[in-house]
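There are 2 protein chains.
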Amino acid sequence: MINRLVDRIRETGAPIVVGLDPMLSYIPEQVLAKAFSEYGETLEGAAQAIWEFNKGIIDNTCDLIPAVKPQIAMYEQFGVEGLKAFEKTVKYCKEKGLVVIGDVKRGDIGSTSAAYAAAHLGKVTVGTNRIAAFDEDFATVNPYLGSDGVKPFVKVCQEEKKGIFVLVKTSNPSSGEFQDRLIDGRPLYEHVGEKVAQWGEECMGDSYSYVGAVVGATYPEMGKILRKIMPKAYILVPGYGAQGGKGADLIHFFDEDGLGAIVNSSRGIIAAWQQEKYGKYGPEHFGEASRAAVLDMREDIAEALENR
Amino acid sequence: MINRLVDRIRETGAPIVVGLDPMLSYIPEQVLAKAFSEYGETLEGAAQAIWEFNKGIIDNTCDLIPAVKPQIAMYEQFGVEGLKAFEKTVKYCKEKGLVVIGDVKRGDIGSTSAAYAAAHLGKVTVGTNRIAAFDEDFATVNPYLGSDGVKPFVKVCQEEKKGIFVLVKTSNPSSGEFQDRLIDGRPLYEHVGEKVAQWGEECMGDSYSYVGAVVGATYPEMGKILRKIMPKAYILVPGYGAQGGKGADLIHFFDEDGLGAIVNSSRGIIAAWQQEKYGKYGPEHFGEASRAAVLDMREDIAEALENR
Chain A
45 MINRLVDRIR
55 ETGAPIVVGL
65 DPMLSYIPEQ
75 VLAKAFSEYG
85 ETLEGAAQAI
95 WEFNKGIIDN
105 TCDLIPAVKP
115 QIAMYEQFGV
125 EGLKAFEKTV
135 KYCKEKGLVV
145 IGDVKRGDIG
155 STSAAYAAAH
165 LGKVTVGTNR
175 IAAFDEDFAT
185 VNPYLGSDGV
195 KPFVKVCQEE
205 KKGIFVLVKT
215 SNPSSGEFQD
225 RLIDGRPLYE
235 HVGEKVAQWG
245 EECMGDSYSY
255 VGAVVGATYP
265 EMGKILRKIM
275 PKAYILVPGY
285 GAQGGKGADL
295 IHFFDEDGLG
305 AIVNSSRGII
315 AAWQQEKYGK
325 YGPEHFGEAS
335 RAAVLDMRED
345 IAEALENR
Chain B
45 MINRLVDRIR
55 ETGAPIVVGL
65 DPMLSYIPEQ
75 VLAKAFSEYG
85 ETLEGAAQAI
95 WEFNKGIIDN
105 TCDLIPAVKP
115 QIAMYEQFGV
125 EGLKAFEKTV
135 KYCKEKGLVV
145 IGDVKRGDIG
155 STSAAYAAAH
165 LGKVTVGTNR
175 IAAFDEDFAT
185 VNPYLGSDGV
195 KPFVKVCQEE
205 KKGIFVLVKT
215 SNPSSGEFQD
225 RLIDGRPLYE
235 HVGEKVAQWG
245 EECMGDSYSY
255 VGAVVGATYP
265 EMGKILRKIM
275 PKAYILVPGY
285 GAQGGKGADL
295 IHFFDEDGLG
305 AIVNSSRGII
315 AAWQQEKYGK
325 YGPEHFGEAS
335 RAAVLDMRED
345 IAEALENR
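Protein chains in written order, with the working numbering: chain A, 45 to 352; chain B, 45 to 352.
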């Protein structure tokens, strides 16, 4: 799957992943009204609105981008109905040829991590059947529990040719509270980065490992160091756009050839229609506003990479 | 909710939480056969078997114990159908008067943690309605992202009078890989423990905080230190039984009055019927085997606390 992701990035020239993290406040009134009129102001109604909104964005951007990253929390808050919308979104994106990164940040002790790995990347055995549940292509994984929390995911990656991105240095303001603390003179995130490189040795694609890392765009200098510590890890970079990361901040995450990193934008793309810059599209053409935002982001990154 | 948990522990004399982590391999053949004959060897069939199995255990133990802890990964691996069984289990346990600890180990950046907190402890706004999704009483939370990943949960705890248990020192063999690393001369888990104490100050129940901690039974000496670092935090202790923790290991997690800790056992209780010790019950009386195992566990802990 890492090979396919790299191929898709090459084809599109866009090291971009669109974060499908729909808040109801991002969804235009006409989409909400239609869903609520059909299903009421219920969890089902919310899930329907989310699904219609996602579809509008996917249909308008899928030819431009290699991948999407639905954030499962935004679906889970609507319970089972929300998770149906998550499942439907994953399936639809895969039909459209997109690589799907499930932003699930799971991680637990061995047998439980194995269940999460089965839920999101693998298959579960029921009687004589092997059945996939959510079936994303990649998942994000929390490393706090150590190797025996991560390795069950690595095993499924090997079996199913899928991938993970392990949280190394997250984009949020207080990520440093534990991640930056010095251990033997070096911050915790560097130690985690070293482990990511080790875990990744066990499952290499053509140029990059199935085991990637999450490093926030908001910490470019740390990205520079981590790029070297994990030379074979693809870096998933959240925090661009709404969280404050800029194109110029991103260059250190990439290798010389412009590969090695994929940058996420969520609100900046999916709620583009709410920005003054894309206001001309109006709420009824929210998908086209997202398309324009993707094109601008592609240009911003390309420019930054050219000028480095 | 922490007050209710403490009351229930006092009433039952059992600082025990039963981990409802059903693997299909724990479920007696007759339960599987019935579910599969009705729904096929499908995700739905698996979910039905899990639900029937859980019900058998809950019905046979609910008068003895204060709380249950369903591990969501074991449901999530069966997709939406599995999560319906999770939802149904949570609801049924609450009807039976049990405190429900959702072992979800969620944690993300601010707005995303807020969505997880809404999903598991709070309510979500849909139009003019406020609706609860999974609605557990407590949830487990991963601290790797720092305060702004945890505080949205604390906020919901304050609003809804619910609680969290933050992962401090997990029970698995490689938990030390990052958690034990020394920062300013003290292991990371102690620093996390200090934060738990701080976060907890903002939402106190009568004697304990709404913010508790997870510390594995497999690390009793660390439990002793953490008990002092977090004097107001209830400690959820996994790792008893199948993972190797014994009654005598547990004493350090408790306060002088026998409160302050609640010990989880999953396989040791729910798959008791598969142990030689409880073999006499047979697979058809698996719930009674679980009941016997709870009684033995209660005695084991009581004895350890008396003899300290």
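Hints were generated in silico from the structure; no laboratory data involved. Some clues are possibly wrong.
Since copy identity is lost for identical chains, a pair holds within one copy or between any two.
[Claimed, not checked] DMTMM-like cross-link-like pairs, simulated, lysine to aspartate or glutamate; straight-line CA separation at most 25 Å:
id, residue 1, residue 2
1, K199, E300
2, K132, E332
3, K167, E85
4, K167, E96
Comparing the hints with the structure gives:
For the homomeric pair K199 and E300, neither the shortest alpha-carbon distance inside one copy (30 Å) nor that between copies (44 Å) is at most 25 Å. Taking CA atoms no more than 25 Å apart as the test, K132 paired with E332 passes inside one copy only; the shortest distance there is 22 Å, against 41 Å between copies. Taking identical chains as interchangeable, the C-alpha atoms of K167 and E85 lie at most 25 Å apart only when they sit on different chains, with a minimum of 14 Å there against 34 Å within one chain. For a Cα distance limit of 25 Å, the shortest separation of K167 from E96 across copies, 23 Å, qualifies, whereas the shortest one inside one copy, 28 Å, does not.
Hint compliance for this structure: hint 1 is the single one not met.
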